[in-house]
Structure formats: structure tokens, C-alpha cells
Amino acid sequence: MLQKILIVILSCFLLIGMFSMSAYADEYVIALVVKNVGNPFFDAVARGGQDACDDLGHTLIFQGPPTPTVEGQIEIIENLIAQRVDAICVSANDYDALVPVMQRAMDAGILAISFDSGIHPDGRLLHINQADFELIGRLQVQAIAEMIDFEGEIAVLSAGATMTNQNIWIEWMQEELKEPEYENMELVTIVYGDDLRDKSYNEAMGLFKSYPDLRGIISPTTVGIGATGKAITDAGLIGQVQLTGLGLPSEMAEWIQNGACQAMFLWNPVDLGYLTTYVAGLLLDGEISGAVGEEFAAGRMGEKVVTEAEDGGIEVLLGPPFRFDASNIDEWKDVY
Amino acid sequence: MNDSNHVSSVDFLKNLRGFRELGLVVFIVSISLLIGARNPRFLTWGNLHDMLLDTSILSILAIGMMLVLVTGGIDLSAESGIALTGMIVGLTLIRYPQIPAVLTLFMGMALGAGFGAITGAIVAGGRVIPIIATLGMMYVYRGLTFIVSGGRWVNAYEMPDDFKAMATGRLLGFSNLILIAIVVYIVFTYFINHTETGRQIFAVGSNREAARIIGIRTNRIIWLVYTLSGALYGLAGVMWIARYASAQSDSASGYVFTIVAACVLGGVAITGGVGSISGILLGSITIGIINNALPMIRVSPFWRTALTGAIILIAVIVNIAITRNIERKALLQRKI
Chain A
8 MLQKILIVIL
18 SCFLLIGMFS
28 MSAYADEYVI
38 ALVVKNVGNP
48 FFDAVARGGQ
58 DACDDLGHTL
68 IFQGPPTPTV
78 EGQIEIIENL
88 IAQRVDAICV
98 SANDYDALVP
108 VMQRAMDAGI
118 LAISFDSGIH
128 PDGRLLHINQ
138 ADFELIGRLQ
148 VQAIAEMIDF
158 EGEIAVLSAG
168 ATMTNQNIWI
178 EWMQEELKEP
188 EYENMELVTI
198 VYGDDLRDKS
208 YNEAMGLFKS
218 YPDLRGIISP
228 TTVGIGATGK
238 AITDAGLIGQ
248 VQLTGLGLPS
258 EMAEWIQNGA
268 CQAMFLWNPV
278 DLGYLTTYVA
288 GLLLDGEISG
298 AVGEEFAAGR
308 MGEKVVTEAE
318 DGGIEVLLGP
328 PFRFDASNID
338 EWKDVY
Chain B
1447 MNDSNHVSSV
1457 DFLKNLRGFR
1467 ELGLVVFIVS
1477 ISLLIGARNP
1487 RFLTWGNLHD
1497 MLLDTSILSI
1507 LAIGMMLVLV
1517 TGGIDLSAES
1527 GIALTGMIVG
1537 LTLIRYPQIP
1547 AVLTLFMGMA
1557 LGAGFGAITG
1567 AIVAGGRVIP
1577 IIATLGMMYV
1587 YRGLTFIVSG
1597 GRWVNAYEMP
1607 DDFKAMATGR
1617 LLGFSNLILI
1627 AIVVYIVFTY
1637 FINHTETGRQ
1647 IFAVGSNREA
1657 ARIIGIRTNR
1667 IIWLVYTLSG
1677 ALYGLAGVMW
1687 IARYASAQSD
1697 SASGYVFTIV
1707 AACVLGGVAI
1717 TGGVGSISGI
1727 LLGSITIGII
1737 NNALPMIRVS
1747 PFWRTALTGA
1757 IILIAVIVNI
1767 AITRNIERKA
1777 LLQRKI
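Chains A and B supply the protein sequences, listed in that same order. Residues in the first sequence are numbered from 8 upward in steps of one, following the numbering used here. Residues in the second sequence are numbered from 1447 upward in steps of one, following the numbering used here.
The shape of chain A in the complex, shown without the other chains (with noise of 0.2 angstroms):
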């Protein structure tokens, strides 16, 4: 009798061991921090996240701030940190402000990664782009052009005149003009919705009367391109002024289906969030290192390369955007 209690205690204590072993031995914890909860984008974004950790075997935690604050997300990194995760992948609400606290997690052996909007080489180990700001700027203009057979006006309606990546994106489509093909295309002004629905809107009209031969309207902002379907919509243009950019599915299905914008973009956040995710895992079970020219399989994602990013730090690229149009929009507009 006693012999038999004794196994099975010791049985149990064997099977304990075998589970917190398998638990410290490859069963991570990723934590992904997003700019705002709420926010359909960035729900997609934890989706990819809890596949990329249900094919590794880890486990994901999402958290955000209410609002797109800084503060926010120190405090949640902090708390992160107290908590012992092994990873945080962050899309920073400032390019600076999450340094120390990133650096702080670091020090505590915590895996620090940054993606779709970076922060400073100093707090990360590596970024993950959702695509080139080039391509995206270049991929653009190649798109209106086509539409609009290389020919007309064009006007560009951004979101705030300090917006990081629209400015950039915007540099890289005025640089894409210059090639000789869009000899007869003029990009005649650019002008500021702020991602305000009434101003972007009012914007769009405005851009109708100021300029009555405009051929087509590029605007790289969810809020922007989905007030200038609408607009365009309103004021009887469509086919006669195109419009392509950057948009959600989900808010720009009507104005495709319509025939206002033939075709956009926008990176698959699914992906993203995948790609990012499966990136951390990886890192943690030690299968790459995270060496500039390091190759790597990166699940369902395919081959990716670790390259060297522009503001001198390192990260992967997720790839060229998506393009969504008539043929594709259906089957996408319930997902984001």
C-alpha cells in the first residue's frame, strides 16, 4: 500500500517536472503592444499574432492604450516588464519616447522588436516594416498613372503636414514623377485632411473646384482616401477623377464596388502581426540570430531576409502592399 501511494506521488511529482520543464524549455510569452485598442487595424494585427504563436506554440498577449498616447504605452511596457514576459513587439506612438523604457526591458532580458510605426535603433533589436517606404511611394504613383493613362493633373490629400510616413511617402512619389514616363502628369498640389472625415471631405471638394481639369487624387491615409471615395461620389466625378492610395477594405468596399477608386493599397495587418510574432518566437527559440544578410523561414510568410533598415537599425520587410480592388474586395471587406 505504501509503495503504491509513493509512486503515484512520485509519479506526479515526475509529471509536474515534465511540464514546467516543457514550459521553461520552449513555451514563450510574446507580447505585442499596439498604438490604441479598438482600432480594426490593429485587431487584425493580434489575429496574425495568435496564429504566428498557435504555429510556434507560445502563448500572445495584446494590449494597447485606450487612446494613440506615449504614456500609455510606457505604462504598459512597464507593467510588461514587471511580468517577466520574453518578448514585446510594440507599433510606437513616438519614434524617441519608448527608447528607455524598451531599453529597461532589454536590460531585464527582454526581447525588445518594433513594428509598423519603428522606434530609434537604440531600443530595439530589430523592426518589422510592413513595406519599403519607396515602394509604397513609388507603387502609387505607377497606379494613378496607370488609371489615369499617364496623362492629366494630379493632386495629393494627406493626412497632417507632420505625419512621418505620409511625408516620406510622399517624397518618394514626387521622386517617382520624375521618371520619364509621367512626362504629362503634374502634381499640381498637396493638401491636408488631417484624418478628420468633415476636413478631408472638404478637402476633396475643394480640390474638384480648384482644379476642374484634375485627373486623379492619391491620398496614403485610411481616413483621407475613404472622404475623397465619397466625395468623389457625391460630386457625380466618378471616372472622371481617379483615386487610389492607402485604405481599409472595410471602409473603402462601397467606393471600389462604385467604381470610385479602381484599385488601393494597405499591407495585410493579419500578416504583420503574423510576420512579427513569428519573428519574436523564432528569436527566442534561438533558430536565427538576428544578423543583417541572415535568411529564414518565416512559416506561412515564406523565405524572409533580415536587411539593414534606413535609420541605420536592422529589420525584415513584410513585402510589397496589398492591392485591393473590384476582383478582391469582397472576399476582404468583413476582415479589416
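Hint data in this document are derived by calculation from the structure and do not stem from the laboratory. Some hints here could point you the wrong way.
Within a straight-line C-alpha distance of at most 20 angstroms, the following computed SDA-like cross-link-like pairs (lysine to any residue) qualify [as the list claims (entries may be wrong)]:
no. : chain 1 : residue 1 : chain 2 : residue 2
1   : B       : 1610      : B       : 1553
2   : A       : 206       : B       : 1495
3   : A       : 206       : A       : 242
4   : B       : 1610      : A       : 265
Following the hints, complete the assembly by docking chain B onto the known chain A.
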């Protein structure tokens, strides 16, 4: 006005003695001519209609704000109220797309009146100063908008066609939204000038103590103005999402300043007791012109931001100067 018709214009001005807003009319006409000289399309009927359409929502909001301002209060929660009612109606339409568009307007008013009644109860019953009470409710309603929506947007393709058609449709050459605003203005002109309750609002605003002594239930009046403000921002919230074919959690962020600006431009005293329907209508139109005309003149967006502020200031100064002039002339001609 030149010397040849000086005499008749004096007679005319005598008749207009009570019309404090003459300065605004002069300002509106002159700025329109100036902008028209730069872009002739500004003075077309089509553009005028667009401008009135844009003013329709603002002018309705201005009535509610004026009623509150007249009692010496302020309703900062109006902007979140727009977003919250808009979001609730938008989400309802996803589930019950068969609801007739006209009914959604009443639904918005009822919801808004409910929210306004809560704000009113806190101000009147709780004796919290209006700026603090409504600031608090501004955040509460904004937070509730995020909670009910879970952060998601209601997109154009999810809204029923007849609802979207309400904002784009026309009757007798006028957009439905303009007609709604006209109806609201007729109702409230009658209410403010010809009903006992309407006059009591001004009595409470001019001298609350005196109003109480002559038997006006001041608390009831104060509660009422916030409820009416709520009903109007509820209506505006539905018009907002129909017009832009999108309900966003952060709709109308910061819009309360525009509403207050329209009221103050229209001669509403922030200290209470003074305000007129014709004034806020002109104030709203002035803001509408600024919002719509500036995108049409080809100047840098950065200059436009500075111009917006300058134009508002000039409008106020012109209005004060002309009003003083009229009052002085009226005094000179008074029979002693």
C-alpha cells in the same frame, strides 16, 4: 454704401436697428466676392449649395449650443454626443437595415435627448458648473462610443442605401439635409420667440435670480436646454454619418470649438442672456464659407490655417464695428 444713397441707407439702417448681425452680412458678402474673384467657381449655384449643405449640420448644432450659452452654460459634450448617437444609429442599421431613413432621424433625436437629459440633470440637479459637468460628459460619451462599437467603424457598404440616399437626395433643388435644417430653424424660431418657455430661457440667462423670483422654475429650464441640445446633436449625429457614409469612434473630435465659434460669431454672449436665431445662422454660414472656400483658393495649406484664424477675428471685428456704428446712429436720431 456711397454718398448718393446715404439718406435712404440711413432709413434702411434705422429699420435694421435691431438687426445686430448686419456686420456679418457685410462680411459674408465681401469675403464671398473676394474669393469669387480668385476662383469664379465659388460663386456658382452648385458651390453655394455645397456650402449650405456643409453648414446644415453645423447650424443645427449651433441652435442647441446657443440655448445652452444663453443660460450662461456651455455644452462641451455635444461633439461626443454626435459620435455616440451616430455610432448607435449606425450599429442599429447594420442589424436592422430595414429601418426607414426618416425614422433614424427621430431615433437620433430621442437618443440625444436622453444623453442631454443626463447632462442637464447633472448641471441643474447636481449643481455642477456647466463647463466641468459637460467636460466630464464629453469624455463619458466618447468612451461609451468606443465601448458600444468595440472600436470598429460602421462603413459605407454596411449602411442601407435609402439611408445614404437621404444625405445625397434632393427635393425642389435643395439637399434633404438643408431642408431638415430649414425645418429645425422654423421650429426653433417659433419656440424661442413665441412660446413662454422659449422666452423663459432668455429670462433665466439674463438674470437667474430675478427669473426665479417671478416664478420661473429655473432648474427645469436649465435641464431643458441641455435636453434640447442633446436632441439636436442626436439629430446632427445621424445626419453626420449619413453625409460622410461612415461612423467612427472619433467622429467630430474637436468639433465643439467650431460650434461655439459659430455661436459667438453670430453674436451669442458667452456670459448668457444674448443670442438670436438669425445670428447663429449667419455665424454658421460664415464658418461654412471659411471651411469650404479656403480649400478652393490656391494657397498653401499652412497659410490657410493661419487665414482661418485671421478671418474669424476679422469677422468678429467687422461685426462689432458695424453694430456700434448702427447703434451710435440710432442714438443720434433718437427724438429727445
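Quick rundown of the hints versus the structure:
About 16 angstroms separates the Cα atoms of residue 1610 (chain B) and residue 1553 (chain B), which keeps this hinted pair within 20 angstroms; it holds. A distance of roughly 18 angstroms separates the Cα atoms of residue 206 (chain A) and residue 1495 (chain B); the hinted pair therefore holds under the 20 angstroms criterion. Among the hinted pairs, residue 206 (chain A) with residue 242 (chain A) is consistent with the structure: their alpha-carbon atoms are about 16 angstroms apart, no more than 20 angstroms. Of the pairs offered as hints, the one joining residue 1610 (chain B) and residue 265 (chain A) holds, with about 14 angstroms between alpha carbons and a cut-off of 20 angstroms not exceeded.
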